[in-house]
Amino acid sequence: MIEGLAALYIFMLAGFTGYEIISRVPVILHTPLMSGSNFVHGIVLVGAMIALGIAETPTEQAIGFIAVLLGAGNAVGGYVVTERMLEMFKSSNKEKSEG
Amino acid sequence: MESIIQASYFIVAAIFIIGLKQMSSPVTARRGILWAGAAMVLATLVTFLAPEIIDSETTGTNIILISIAIAIGGGYAWRSGQRVAMTDMPQMIAMYNGMGGGAAAAIAAVELLKATREASHVSEITSSSSTISEVLGADVAILGILGAIIGTISFSGSIIAWAKLDGRLSRSKLLPAQHWVNALVALATVGCAIAIYFSSDLTTIVIFFSLALILGIFITIPVGGADMPVIISLFNALTGLAVGFEGYVLGNAAMIIAGIVVGSAGSLLTHLMAVAMNRSVSNVFFAGVGTNSSSSTETAQGEMKEIQAQDAGILMAFASQVIIIPGYGMAVAQAQHKIWELTQLLNDKSVSVKFAIHPVAGRMPGHMNVLLAEAGVPYDMIYDMEDVNADFKNTTVALVIGANDVVNPSAKTDTSSPLYGMPILDAIDSDNVIVVKRGRGAGFSGVENPLFFSDNTKMLFGDGQKAANDLIQAVKELS
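Protein chains in written order, with this note's numbering: chain A, 1 to 99; chain B, 1001 to 1479.
Heads up, simulated SDA-like pairs for lysine to any residue below, C-alpha to C-alpha not over 20 Å straight-line:
no.	chain 1	residue 1	chain 2	residue 2
1	B	Lys1114	A	Ala62
2	B	Lys1021	A	Glu20
3	B	Lys1354	B	Asp1429
4	B	Lys1393	B	Lys1458
5	B	Lys1458	B	Ile1314
6	B	Lys1021	A	Ile10
Here are the in silico distance ranges between beta carbons for each label pair:
no.	chain 1	residue 1	chain 2	residue 2	range
7	A	Ser23	B	Leu1202	37 to 47 Å
8	B	Asp1380	A	Pro58	56 to 66 Å
9	B	Gln1006	A	Phe16	21 to 31 Å
10	A	Thr59	B	Pro1176	36 to 46 Å
11	A	Ser23	B	Lys1412	26 to 36 Å
12	B	Phe1453	A	Leu8	57 to 67 Å
13	B	Asp1387	A	Leu8	33 to 43 Å
14	A	Leu8	B	Ile1011	20 to 30 Å
15	A	Ser23	B	Ser1280	10 to 20 Å
16	A	Pro58	B	Gly1421	51 to 61 Å
17	A	Ser23	B	Pro1051	33 to 43 Å
18	A	Ser23	B	Ser1127	53 to 63 Å
19	A	Phe16	B	Lys1393	33 to 43 Å
If you want a taste of the chain A side facing chain B, the calculated C-beta under 8 Å gives, among others:
no.	residue
20	Gly4
21	Phe11
22	Gly15
23	Tyr19
24	Pro26
25	Leu29
26	Pro32
27	Leu33
28	Ser37
29	Asn38
30	Met49
31	Ile54
32	Val76
33	Val80
34	Glu83
Calculated from the structure, these hints are not laboratory results. None of the values given here were measured: they were computed from a predicted structure. For each residue, glycine too, the CB sits at the ideal point set by N, CA and C.
With the rest of the complex left out, here is chain A (with noise of 0.2 Å):
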């Protein structure tokens, strides 16, 4: 599994992965970014569910059906959000073209 000196690699190449994406960003798509970003860390929703996996007793049990709970739901609202946002983004040519 992924630990010590790799894990702090991924964690510095990932962090420059970020950085890059972001810096050359027109401001009108930041909004849907942030949106974008918030959706991605939705991943947590797999890590709820194998924490709700290895949960044993009734509490556990319980913290963790809360932790699938929020992640889906930082999942799905973050990919409904964005997805409404991009699509309305066309340019005059395409709309033009089309009609």
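Given the coordinates of chain A, assemble chain B onto it according to the supplied hints.
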């Protein structure tokens, strides 16, 4: 099986990065979110096959519980996400983000509870007390606890941000010496975190999470409404970080990569937003706008000159170029569709029309672009501040609708103004300025706007929707 799951996570992480990259250009943005969505579905499906879930003693019930939780949480979010109006988008993002932070914190809670149980089990056998750091290992324990703090703060803070933007929590209520109280709570939280690391006490864990919850609330409550976007963006970055840390605890590469990418991208985005608003991130936390109202700004002198919609319509119809400066007021009045109709009419009369967007117009950077896009305005008619500012000199009419602080010239001239230093749209440079405004009051920041008293400015008082309608009628009557 394990290798299939790991390979899937690898693909998921790659698609997330490509998806985010595509989302940073208007042409490919739509494709980006569709791909990322597909990756999320893949990640969720393969996780059902994970050994942690399948090999557990309580597999049956847990799989059922997982499915129910996904159905409820996902179903609720799907409905609310579909229904929310575009103007209310920022608070919904805050809400979903808070849920993510809460999920990360809850993962940490499960891990800590399990570790506590194991520690007491170990002490029973060896009859020497065991600590959480010994059970989990130092690295996992530290990152797990850190993720728990960050996730919890992001959870409660985001909920407060949502409540404020949604108008459920009216004014920023400051406790006496709020900053000292916050510092105290923060210290106590860190103290608890250290205590957890060196012990395995259930009560400490409960107190720890309660304190972190309170801290998130206390941090967010004094923040002014205008600074909310910065806070939401910051919490977005924090949730990413918490997810990354909990990913390490669970040994899940997809979570680590997605979480840290969002953490760093979100931090940069937060910084860009704060710069656009001429605020520093620490400024946002330690001083609310309006609390420093003692700095007396000189009240602008002169008379506001009123104009009727008919005259304004004629002025615009015979202009060579019109630049429209929309603000949040336009969106609240739902006037963007009417404004687009007006734009098309003016285009038919061969008037060049541009939309000028200030970086912080709306409630978030880019929010106004989304609202205009919703009304059907193509994005290549919309200009950023830097690209359009020089053009105001060649403009016959600048139509300011629902915006105020972003065109306030005292940001350039008046050093005592709270807005001083904030970049603005130079509407004042155009031949005529028409300001559509509901009343004579000051803007969101409470600062008086000298533009309204300028010689070339005329005020068109009234609701944005009605004013736009009247302008359309006026232009139509000319043909």
